[in-house]
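J.: Chains as they are written, first to last, in our numbering: chain H, 438 to 745; chain S, 438 to 745; chain E, 438 to 745; chain F, 438 to 745.
Rather than coming from a laboratory, the hints here were simulated on the basis of the structure. Keep in mind it's a predicted model, so treat the numbers as computed, not measured. Take the hints with a grain of salt, since some may be wrong.
What the hints assert, rightly or not - Pair by pair, the computed Cβ-Cβ distance ranges are:
hint, chain 1, residue 1, chain 2, residue 2, range
1, E, D721, S, G522, 34 to 40 angstroms
2, F, L518, E, R478, 23 to 29 angstroms
3, E, D721, H, D476, 42 to 48 angstroms
4, F, S666, E, D721, 18 to 24 angstroms
Backbone N, C-alpha and C define an ideal beta-carbon position, used for all residues, glycine too.
4 protein chains.
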Amino acid sequence: MSPAPHRFRAVLDRVAEEVAALPHRGSPADYIPVLADGDPRRFGMAVAELDGTVYGVGDWRQPFSAQSITKVFALALVLSLDGEGMWQRVGREPSGDPFNSLVQLEYENGIPRNPFINAGALVVTDRLQALTGDAAGRLREVLRTESGNPALDFDPQVAASEAAHGDRNAALAHFMASYGNIVTPVPELLPAYFQQCSIEASCADLALAAGFLARHGIRADGSALLTRSQAKQINAVMLTCGTYDAAGEFAYRVGLPAKSGVGGGIVAVVPGVCTLCVWSPGLDRRGNSVAAMAALDRFTTLTNLSIF
Amino acid sequence: MSPAPHRFRAVLDRVAEEVAALPHRGSPADYIPVLADGDPRRFGMAVAELDGTVYGVGDWRQPFSAQSITKVFALALVLSLDGEGMWQRVGREPSGDPFNSLVQLEYENGIPRNPFINAGALVVTDRLQALTGDAAGRLREVLRTESGNPALDFDPQVAASEAAHGDRNAALAHFMASYGNIVTPVPELLPAYFQQCSIEASCADLALAAGFLARHGIRADGSALLTRSQAKQINAVMLTCGTYDAAGEFAYRVGLPAKSGVGGGIVAVVPGVCTLCVWSPGLDRRGNSVAAMAALDRFTTLTNLSIF
Amino acid sequence: MSPAPHRFRAVLDRVAEEVAALPHRGSPADYIPVLADGDPRRFGMAVAELDGTVYGVGDWRQPFSAQSITKVFALALVLSLDGEGMWQRVGREPSGDPFNSLVQLEYENGIPRNPFINAGALVVTDRLQALTGDAAGRLREVLRTESGNPALDFDPQVAASEAAHGDRNAALAHFMASYGNIVTPVPELLPAYFQQCSIEASCADLALAAGFLARHGIRADGSALLTRSQAKQINAVMLTCGTYDAAGEFAYRVGLPAKSGVGGGIVAVVPGVCTLCVWSPGLDRRGNSVAAMAALDRFTTLTNLSIF
Amino acid sequence: MSPAPHRFRAVLDRVAEEVAALPHRGSPADYIPVLADGDPRRFGMAVAELDGTVYGVGDWRQPFSAQSITKVFALALVLSLDGEGMWQRVGREPSGDPFNSLVQLEYENGIPRNPFINAGALVVTDRLQALTGDAAGRLREVLRTESGNPALDFDPQVAASEAAHGDRNAALAHFMASYGNIVTPVPELLPAYFQQCSIEASCADLALAAGFLARHGIRADGSALLTRSQAKQINAVMLTCGTYDAAGEFAYRVGLPAKSGVGGGIVAVVPGVCTLCVWSPGLDRRGNSVAAMAALDRFTTLTNLSIF
């Protein structure tokens, strides 16, 4: 039984209407100047169905800074290239602490809690760099291929701004290097990591690019990026660790595997059904977009599409 | 389309066979003498379908100490009686620390991370006691009704043993009382809590009793214990917090909402499909049954029934 | 060469004058109602010379709640009765955390950092109770004997108020009991501890009673309470741990071994010269009397009597 | 009354004899290869009297790597040049944690606990660099002048080895920079810091160089490096924070202000009497020289020269 095309069209319109009425929408990230200009009134939401159909509402074709959303794709690349080895160097447990905390890292001897906190993502990028010699380049390549958007690219201004305010990430990288859990020289690793974070993409791009997670590992062209088991595992890590230290709250309210970024985007997966990407730059105190979380909450309530 | 009755019969047999070959099965809990005698070679597994059909393999009719599995039912009772108020006093985030840690409790001013760590469960029991005057009695009642087993009961020897080794829980209760987050006098609260933990039930009993979580809140008799939204929320909290500080690992390997107990039992939910309960007394270092986790891992792999 | 009697008379007068001009004097402890009435304008200061001469300024004969100052005497009693064994159960390092923290206790498996934080004092009282059967009584006895004041006594109202607000200390005691580091039943230990804290004594009483610490262990009657080495050791622990988590600051500003209490008193020792006790109920955020710290700071500056 | 010259000659001989009989002497630091060759059987001890007389026993003229002992001199220089301002950026409390922990730094927003843990010393060097443009050079200069040894110098091999294993210190510096508490660019700061640590000096050199701390701030040439109050304050910080997380233990056993280094040296001060420096490369698990601590323990016991 094939569902009607654009089956969520009416739901998207209703969600957009309800989100427009939200009284408080948070504030844009301010740790780098280039993000601080984000306008919390901007809002876009896209759905990509399994067959690659994509449609949306609001600013769904507007590129924004993907930031930590790229961590999902970096992890998928490393798992596809290298299999289970990655899990010797990074855990799969929620962190229970803010996303750039050094405390847990110290108590656990340089092994980050999971691949979606900054420390864990640095380890993943370190591995991807060692495997490919060009971590950021390979990431851009997979995003271009899966989204079908050959113009998708880094924003050099964002990458430069990250680097100029990169002391916390430099501290994390040197700290893990002191435990032997970073092997790329830190002055080479950080630029690759900042470039990865600086990807500009739209809701349409990212919903399409994440399609393999809803298709149990199958890429847009029908080949396998991941095994069924690996795709399931990434979804599980997204659910338990994908939204900084609000993963429990997000699972409770939304009930979908998801990954957020401080650019205001959130990618979510309904396994076997579709992927979603929502964007609005205003963040709550934990770093997740207020309007994007509200939109996903409403979407799952209206469609009963939670995994639970 | 109605599935065949006992549709997982063959899978259960195969899982039991594979589990029988496990070389390492952990050690029984030893914090109270009465649990330390558990035999890691014992193994039972039951499936309860939505219509109340129940069947199993191995020691699936053997009563064991439910321990922390009862925390799910206590939470469901409080939500059904009292709605969202509970979440002012207990969080919904994974703890990132062992199940009886005081550290996080101190940093977060007496508000436990979630209702499934001991501190959080004490708060839930405190609320249930305030609402009903007999927390443990109400818990036994709902378990009897949902399992259809009127003989299901506390084990006074276990409750007494918990009390005799209850200093850690007494510390947690007094500590939260110092923040005003426990209102029942501690010498009255602890016996109710220890009694709750001492419930004896079989895999069949617990799989049946948890059926409302697979039926979106509907009890065995067709009435609603919880709203659809509340049932979804409990499943979400089970997935992110139900297996002590191995929730991420469990989601990764098994991919089902679940709650474990140090008696060696684990209850798991496949929303809309069935509930499972597995028991084997040998625990890993995080307090989860080795054989029960392995059985659920195999079950979801063989059936592709993960939520992800 | 014998110094003139009352040789610090003029210094005391000058210190009192300067302290009277202090613009901010903190607030009285408010964790129990009976202390919250303390008037921050009250101020007394006494000096006890080695020969037992005592004199003072302001409210130096006014009894106040000794609180944690009694911890020094409890420690001295245990060392005199039991020697070095105590140090297997309590450390000698500054805590780096507030005085009733459970965090460090957990990381260090139930061994408190030092005998002057609450957890450590509970262990000392536990040992004194085991050694004597009447910890609080023996403490009162030594204070009466050394101060020469047979009327010195507990304040039952304070002890009752401590008990009524004793959840934090109950949590500490149960927590250490769970590690086997408290052997007295908690419901018996806590009353002894709260009674100990409720001692009422004046600056004159406490300066005299602490005289053995300035006389290298020798009591008022010329007999030895402690060896020279033990007296030195208690002074060292007072310097590094005697003023909650402000020990470094206190050493820096005052430079004398000292022990403070939340009743607003501070006892300080100039080894080989004299003991001092200052009282004023207004506390800073770390629990030390603002005016008493200022008075000791001025005293050591005017006399050059720091140990450094 | 002037004491006899070389008044501690006999004590030194006896201490050396007793130390020679120590069965366990620890292991040399192994975090950089150049220190790992240190021979725990080497032992030297020097006393510098107030008038600049210096004498010793064993290898008291053998240069060794001063390491963290230099932190005292860097702090003295900054206080002499800049007064109290330093204390806005670094605390004066014992750390309660190992000397290079990031945990406390995070909880306290980038303000190190004290100037003698690595984080605090980096802040002091940062300030000295800002004040002088050549932190390491000024440090060498004051050490040469006060010790009277114009040949005292850095060991470039040690500095290079520190840099090659400097990830932990780089992490600390970047971390504090992220809070704005390091202003020198990290790639410029670290070489200055590593150079400072690499000073080679003998027991004689360091005992003489620290003389101003026993002379209440007065340099070898009679001029004032510090005020009397500042000298007292540095002694206080040495007592409470000078021996990593064993400061309480050191105060208890030895009872003198002191600063240790992982090269195996310890400098100690008897205010108004003399300074001591002891060296032996074997360290205990907290980073303090086993034989040097034992020697100072014996010295104070034999002479009754503790400050307590």
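J.: The structure should be examined with respect to each hint, and the outcome stated for every one.
T.: Hints and how they fare:
1. E/D721 to S/G522: 34 to 40 angstroms: Check passed, 38 angstroms falls within 34 to 40 angstroms.
2. F/L518 to E/R478: 23 to 29 angstroms: violated (41 angstroms)
3. E/D721 to H/D476: 42 to 48 angstroms: With Cβ atoms ~45 angstroms apart, the hint holds.
4. F/S666 to E/D721: 18 to 24 angstroms: Between F/S666 and E/D721, where Cβ atoms are some 21 angstroms apart, the hint holds.
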